[in-house]
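Peer 1: Chains as they are written, first to last, in our numbering: chain A, 1 to 436; chain B, 1 to 436.
Rather than coming from a laboratory, the hints here were simulated on the basis of the structure.
Keeping only pairs whose Cα atoms sit at most 20 Å apart, straight-line, the calculated EDC-like set for lysine to aspartate or glutamate is:
hint, chain 1, residue 1, chain 2, residue 2
1, B, 2, A, 337
2, B, 40, B, 57
3, B, 2, A, 336
4, B, 20, A, 289
What you are looking at is a predicted structure, and each value in this text was computed from that prediction instead of being measured.
2 protein chains.
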Amino acid sequence: MKEIKVGLLGLGTIGTGVAKLLMTNASLISAKVGARITLKKIADLDITTDRGITLTDGILTTNADELLTDPEISVVIELIGGYEPAKRFVLKAIENGKHVVTANKALLALHGEEIYKAAANKGVEVLFEAAVAGGIPVISAIRGNMAANNFSTIFGILNGTCNYILTRMTDEGADFAAVLKNAQELGYAEADPTFDIEGVDTAHKLALLVSLCFGTRVTFGDIHTEGISSLSSVDIKFARDFGYKIKLLAIGKRDGDRVEARVHPTMIPVNNPLADVNGAFNAIRFTGDFIGPVMFYGRGAGMDPTASAVVGDIIEISRNIMAGIGRRCAPLGYRDDAVANLALKPMGEIESKYYIRFSAVDRPGVLAKISGVLGSYNISIESMVQSARMAGEEVPIVIMTHEALESDVRKALDEIDTFDIIMRKSQLIRIEDNLE
Amino acid sequence: MKEIKVGLLGLGTIGTGVAKLLMTNASLISAKVGARITLKKIADLDITTDRGITLTDGILTTNADELLTDPEISVVIELIGGYEPAKRFVLKAIENGKHVVTANKALLALHGEEIYKAAANKGVEVLFEAAVAGGIPVISAIRGNMAANNFSTIFGILNGTCNYILTRMTDEGADFAAVLKNAQELGYAEADPTFDIEGVDTAHKLALLVSLCFGTRVTFGDIHTEGISSLSSVDIKFARDFGYKIKLLAIGKRDGDRVEARVHPTMIPVNNPLADVNGAFNAIRFTGDFIGPVMFYGRGAGMDPTASAVVGDIIEISRNIMAGIGRRCAPLGYRDDAVANLALKPMGEIESKYYIRFSAVDRPGVLAKISGVLGSYNISIESMVQSARMAGEEVPIVIMTHEALESDVRKALDEIDTFDIIMRKSQLIRIEDNLE
Chain A
1 MKEIKVGLLG LGTIGTGVAK LLMTNASLIS AKVGARITLK KIADLDITTD RGITLTDGIL
61 TTNADELLTD PEISVVIELI GGYEPAKRFV LKAIENGKHV VTANKALLAL HGEEIYKAAA
121 NKGVEVLFEA AVAGGIPVIS AIRGNMAANN FSTIFGILNG TCNYILTRMT DEGADFAAVL
181 KNAQELGYAE ADPTFDIEGV DTAHKLALLV SLCFGTRVTF GDIHTEGISS LSSVDIKFAR
241 DFGYKIKLLA IGKRDGDRVE ARVHPTMIPV NNPLADVNGA FNAIRFTGDF IGPVMFYGRG
301 AGMDPTASAV VGDIIEISRN IMAGIGRRCA PLGYRDDAVA NLALKPMGEI ESKYYIRFSA
361 VDRPGVLAKI SGVLGSYNIS IESMVQSARM AGEEVPIVIM THEALESDVR KALDEIDTFD
421 IIMRKSQLIR IEDNLE
Chain B
1 MKEIKVGLLG LGTIGTGVAK LLMTNASLIS AKVGARITLK KIADLDITTD RGITLTDGIL
61 TTNADELLTD PEISVVIELI GGYEPAKRFV LKAIENGKHV VTANKALLAL HGEEIYKAAA
121 NKGVEVLFEA AVAGGIPVIS AIRGNMAANN FSTIFGILNG TCNYILTRMT DEGADFAAVL
181 KNAQELGYAE ADPTFDIEGV DTAHKLALLV SLCFGTRVTF GDIHTEGISS LSSVDIKFAR
241 DFGYKIKLLA IGKRDGDRVE ARVHPTMIPV NNPLADVNGA FNAIRFTGDF IGPVMFYGRG
301 AGMDPTASAV VGDIIEISRN IMAGIGRRCA PLGYRDDAVA NLALKPMGEI ESKYYIRFSA
361 VDRPGVLAKI SGVLGSYNIS IESMVQSARM AGEEVPIVIM THEALESDVR KALDEIDTFD
421 IIMRKSQLIR IEDNLE
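Okay, chain A solo, but in the shape it has when bound:
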């Protein structure tokens, strides 16, 4: 039986999972590929720690070049993460004619174009199913069987840490800080959770999904990104009263020649399937012009599910090798010369429904003042809740608006927040009512 040799950069959690999967299911994989896939070299700075798996003697090296220059290795798996040296290694692998499989969303969100161009020049594949939503095979589906569709929307719950925290805040009525601390103790959140809780990780993944679905380059830095750290249990309670749950949502929308791409806490109807995505699970919902709405759900992270996606990509490439071809499909699923440069719609121009919570002094005329300003900016109120009266004290006033222009809402809040009856910065959460 033919042998296809692969090299692995990075023996962390995911890398260990990939090595384990290639060994555990070796015969299954051979039955599907018609070749034996062999892990020939693994490069990691730490080659002494026991990862709980048995590796062939001499397979480990601290020198990445050993596998980047090995002519027997056809596929390089990059699981180092971060920008450097991952980028340098990936480009060198491509330069040496090797196919690349990576889970590195940060790298692709920022340097994707350069890497895709290099791969096109060399006629090799760059696959990255594991970069978005762990094991869920959503990228393959967009590039593959759903490829005939013009997509109009993407809604994703893409960060397990955030979704775990929000689920517990919702179920327990607990506050953000307390849940985060406990999540860190339980290993569900990193010691430095900034990338997760501030939405950066979600924005990286959204950048990839937007590129794939809309066939466009995305300037990652232009994606509007808000995290969940400013959410309060009060907002989650009000959301429930209005029939919503709050999720950190990655939102992509096609609007003519422009694209919306934004990450922020979002209220979604409790009866939408995305509202039932709890804990560390991920889900992505798309709408295509022919397929209609479609949703994928599964484990969005972790050693085993992510390894499933990485090895799925290796199988894809191995089938090409067995068929005697190099590159079969460009990384984004579009011919390289067909990828567009659609402009990102500025945040001020998006339209949405809004939940706004004002912290006001309970005094006659407050509501008239607030609604007067909203009205002057063409923001119409769908419903309003003013909690129990406590004359002279701070009370929350919650307003749900009809569709309004973000810039108008911002201007109105800036104006209202200067009033002396307003005790603190108002809370604004966008609402997605139909998710189509």
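Starting from the known structure of chain A, arrange chain B on it as the hints suggest.
Peer 2: Relative to the frame of chain A, chain B by itself:
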């Protein structure tokens, strides 16, 4: 730009959708394939009815041979349905070296092996994403990115007509016959709904999923199949009281060297995502050894979603053609010589939890008699509900069992149903508690 010519057999609803999609999104598809995909011939017995789309003059023919023998046509799309002449046409297309795309689950469930073998001999692809769950790209995912997994379970809601009827029975408390009649008036059910409501369509689809997930041949006739026509609104109400919804579920399980494959109404917990799959939507949940649980959700039928799947397959084949290769992957994702013949587990040997509704005369000692028989067959009771007492009249007694062996349950019911205190055949519905 290179041109890839395809021929379409059958211009019914799906065929019309495929023609429409190929025309509407022609430039998008070219951008993804690098070739123009042209519909060169369409064969249908009826070439006069207006389908609401504009076709090139002379493209329509009543003679399938015109396209089966056309050397310019690389891909034949079979959307006739049924066994003959679909089978003859598919085999002839393969014999003539053409790739085949089909949505014909009945054909593949019964004659798949013969067709796959012919395709292997000729080195052509046979793709059938549209045969299961309409637009949802679940077959591509099993063959493709999820291929590294050993799957343990499949749970599918695969028939839109049944799910529509069950959703309305659940929401409205209505009876089966009334909802079916109304569904027929609204076009959600066929004039002869037997294939749908008796579970045959679901079993065809399950046969394909079991083959793909477990890499085995399945004898379609051996799949245990029960439909929804014997369900009563009483059962749906009791299910809700116990925290369940009733769905027509396709169930596939791997158990060592054997496979369970069965279709029947099933109680699933209300908080499982599958319980929220309503109306004409479909969903499939798998568990793989590395990916864990994963679920796909979307429109399971209809002109446009099904066309999305068919054209997705055409794109897949076209990318191969552009890469200069014929066949890249066998129909089931396994090398043809690696497909196994796993035995189907006889229904009597499955283990499940059961809901049993006895229609008994309300008389002292009835419960003792029933539970005595259950106990004698090692069936242990988890809970029991006996409705309001009406001495001497027929009352429902509902028993939820712990895990028990199907053959024991059958024997116990056969025995109990002969008692003169039992007024009619007892109702039995299987329960799936964890869906993993």
